[in-house]
Amino acid sequence: MTLDLKKIRNDFPILGRQLRPGVRLTYLDSTATAQKPLQVIEAMDEFYRKFNANIHRGVHTLAEESTALYEGARERIAKFINASSARQVIYTRNTTEAINLVAYSWARANLKQGDLVILTEMEHHSNLVPWHMLQAERGIELEFIPVTQDGLLDLDAYKTLLERQPKLVSFTHMSNVLGTINPAAEIVHLAHQAGSIALVDGAQSAPHLKVDMQALDADFYAFSAHKMCGPTGIGVLYGKTTLLETMPPFLGGGDMIREVKLRSFRANSLPHKFEAGTPAIAEAIGFGAAVDYLTSLGMDNIAAHEHEISEYAMERLEEIPGLKLFGPSADKKGGVASFILDGVHPHDVAQILDQDGIAVRAGHHCAQPLHEKFQIPATSRASFYLYNTKEEVDLLVKGIYKVKEMFG
Amino acid sequence: MDDLYREVIIEHYKNPSYRGKLDPHDISFADNNPLCGDHIQIDLQVSAEGIVTDARFDGQGCAISQASADLLLESIIGKTLEDVKKINKDYILDLLGIELGPVRLKCALLSLKVLKAGVYGLQEAGDDLVE
Chain S
143 MTLDLKKIRN
153 DFPILGRQLR
163 PGVRLTYLDS
173 TATAQKPLQV
183 IEAMDEFYRK
193 FNANIHRGVH
203 TLAEESTALY
213 EGARERIAKF
223 INASSARQVI
233 YTRNTTEAIN
243 LVAYSWARAN
253 LKQGDLVILT
263 EMEHHSNLVP
273 WHMLQAERGI
283 ELEFIPVTQD
293 GLLDLDAYKT
303 LLERQPKLVS
313 FTHMSNVLGT
323 INPAAEIVHL
333 AHQAGSIALV
343 DGAQSAPHLK
353 VDMQALDADF
363 YAFSAHKMCG
373 PTGIGVLYGK
383 TTLLETMPPF
393 LGGGDMIREV
403 KLRSFRANSL
413 PHKFEAGTPA
423 IAEAIGFGAA
433 VDYLTSLGMD
443 NIAAHEHEIS
453 EYAMERLEEI
463 PGLKLFGPSA
473 DKKGGVASFI
483 LDGVHPHDVA
493 QILDQDGIAV
503 RAGHHCAQPL
513 HEKFQIPATS
523 RASFYLYNTK
533 EEVDLLVKGI
543 YKVKEMFG
Chain H
105 MDDLYREVII
115 EHYKNPSYRG
125 KLDPHDISFA
135 DNNPLCGDHI
145 QIDLQVSAEG
155 IVTDARFDGQ
165 GCAISQASAD
175 LLLESIIGKT
185 LEDVKKINKD
195 YILDLLGIEL
205 GPVRLKCALL
215 SLKVLKAGVY
225 GLQEAGDDLV
235 E
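Those protein sequences? They're chains S and H, same order as listed. With the first letter of the first sequence counted as 1, position 316 gets the number 458 in our numbering; the numbers rise by one all the way through. With the first letter of the second sequence counted as 1, position 8 gets the number 112 in our numbering; the numbers rise by one all the way through.
Be aware that a few hints might be false.
[Said to hold, decoys possible] Cross-link-like lysine-lysine pairs, in silico, PhoX-like; alpha carbons within 20 angstroms at most: (1) S:Lys-221 - S:Lys-352; (2) S:Lys-148 - S:Lys-221; (3) S:Lys-352 - S:Lys-466; (4) H:Lys-183 - S:Lys-544; (5) H:Lys-189 - S:Lys-546; (6) S:Lys-474 - S:Lys-352.
By construction, these hints were calculated from the structure, which means they are not laboratory data.
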């Protein structure tokens with residue numbers, strides 16, 4: 143089924159915005175954060191208008207209602223990723239915090255000096271720096287699955303690395319720069335065969351692909367609401383129950399305890415064990431509304447639409463003289479087009495496109511080592527989501543020709 | 105907005121007068137803009153009286169950062185190091201002749217940060233140098 147773009151675009155009030163007189167927004171930066179549909183905005187608005195109260199342990203009506211909404215969202219998020227149980231869905235602030243939760247709780251309880259963690263060269267800083275920090279603290283070793291010139295993971299090199307018996311393989315499902323969709327289930331399977339556990343950074347896959355925890359078999363899967371039409375400030379760490387049960391708590395405070403004495407505490411059961419303090423309640427409810435929205439459109443339909451836009455964008459961009467695209471061919475990637483333009487810095491490209499209301503991102507996109515690998519300081523990145531159209535790709539192409547003319 | 109890419113800026117970006125390195129030099133300092141990975145190195149030759157006699161910058165970055173580096177170096181040759189220490193944000197904006205938002209301001213001020221860190225003999229170029 144193809145998406146009804148006219149109807150969808152009407153769901154997103156911001157897409158109708160005039161930035162300046164006669165300049166309409168063309169939003170091509172969803173990989174950084176997606177826009178929010180009315181369904182999400184209204185769910186959060188309704189929460190504050192009708193239901194706002196702190197969750198858990200309250201007996202008054204509002205407290206019961208807000209708890210039910212907060213936990214109901216968790217159930218629907220669990221279903222969205224096909225987790226066996228909502229207890230495996232731990233609310234965090236975002237993907238970064240979810241990965242840090244694993245680094246602080248699981249890794250500090252299980253990794254010692256000399257233990258190997260395998261990452262990849264295409265990781266976002268959020269899946270590099272927590273491990274750098276642990277390396278400094280614990281003396282763990284880090285190795286990286288190399289990225290080939292066409293932007294794919296070198297799986298043969300990975301298999302060789304696995305001979306060194308890693309304790310953890312932590313990798314991105316989909317690159318936020320190259321758009322590469324990695325064979326996640328295969329990478330997880332190989333990790334398990336080597337006796338390692340596997341963490342999948344799903345920040346870019348959960349918004350764009352149908353993800354299924356049973357098929358993926360990852361031990362941990364981390365993702366953020368704001369990249370999938372939900373609000374900022376809320377994300378999820380999914381984990382296998384056996385691991386989560388044995389992990390020590392992450393942050394200490396209210397809600398994560400079963401019992402507190404003056405000199406001791408007993409931790410709460412899952413998932414609350416990892417949710418200290420008053421959480422982002424309205425945001426969790428907004429996240430629930432976002433997965434409802436995506437489900438109503440159908441993740442397969444969303445993926446198909448993005449693929450069509452992305453393929454068209456690659457074709458059009460490749461025609462531009464002096465423009466170099468990074469990453470694999472359209473059949474191996476999501477809706478991300480990172481490029482450089484001869485003689486023009488990516489910042490200048492982004493700024494001139496902004497003149498016509500076209501929002502693209504410029505920089506290293508929190509993946510500095512990957513840019514170093516390709517020996518470029520920065521790229522311009524246009525990214526596409528369920529609401530983008532071919533007409534917007536045409537505007538982008540027209541804008542890039544304008545940049546070339548200015549710097550000509 | 106078209107102002108942002110005034111001809112003078114494009115011209116200094118494409119044909120800078122002070123790009124390169126100085127060997128020997130009396131002061132050299134380099135730093136990055138962590139937001140975008142822009143990199144600038146500045147070399148100075150300074151006379152016994154503390155007057156900047158020559159200056160060059162090297163590195164890579166956007167039109168704003170490269171043009172501001174070129175304009176800045178052009179403007180400090182002949183000045184004393186004490187005068188260079190007094191240069192602030194407004195001085196750069198006057199040189200460029202444009203208004204900038206907070207993100208692009210960092211591009212424009214990178215060269216000044218690097219210059220002042222070098223002149224003060226600092227280890228790191230802090231944002232406080234360009235306030």
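Could you grab the alpha-carbon distance between Lys-183 (chain H) and Lys-544 (chain S) and see if it respects the 20 angstroms cut-off?
Given that 20 angstroms is the threshold and the Cα spacing comes to 40 angstroms, the pair is violated.
Is the Cα-Cα distance between Lys-221 (chain S) and Lys-352 (chain S) 20 angstroms or less?
holds (12 angstroms)
Starting from Lys-474 (chain S), check that the Cα of Lys-352 (chain S) is at most 20 angstroms away, please.
With Cα atoms ~15 angstroms apart, Lys-474 (chain S) and Lys-352 (chain S) stay inside 20 angstroms; holds.
Satisfaction of hint between Lys-466 (chain S) and Lys-352 (chain S), Cα-Cα up to 20 angstroms
violated (30 angstroms)
Please verify whether Lys-148 (chain S) and Lys-221 (chain S) have alpha carbons no more than 20 angstroms apart.
violated (28 angstroms)
Holds or violated: Lys-189 (chain H) and Lys-546 (chain S), Cα atoms, limit 20 angstroms.
Violated, at roughly 38 angstroms.
Of the hints listed earlier, those the structure fails to meet are numbers 2, 3, 4, 5, in rising order.
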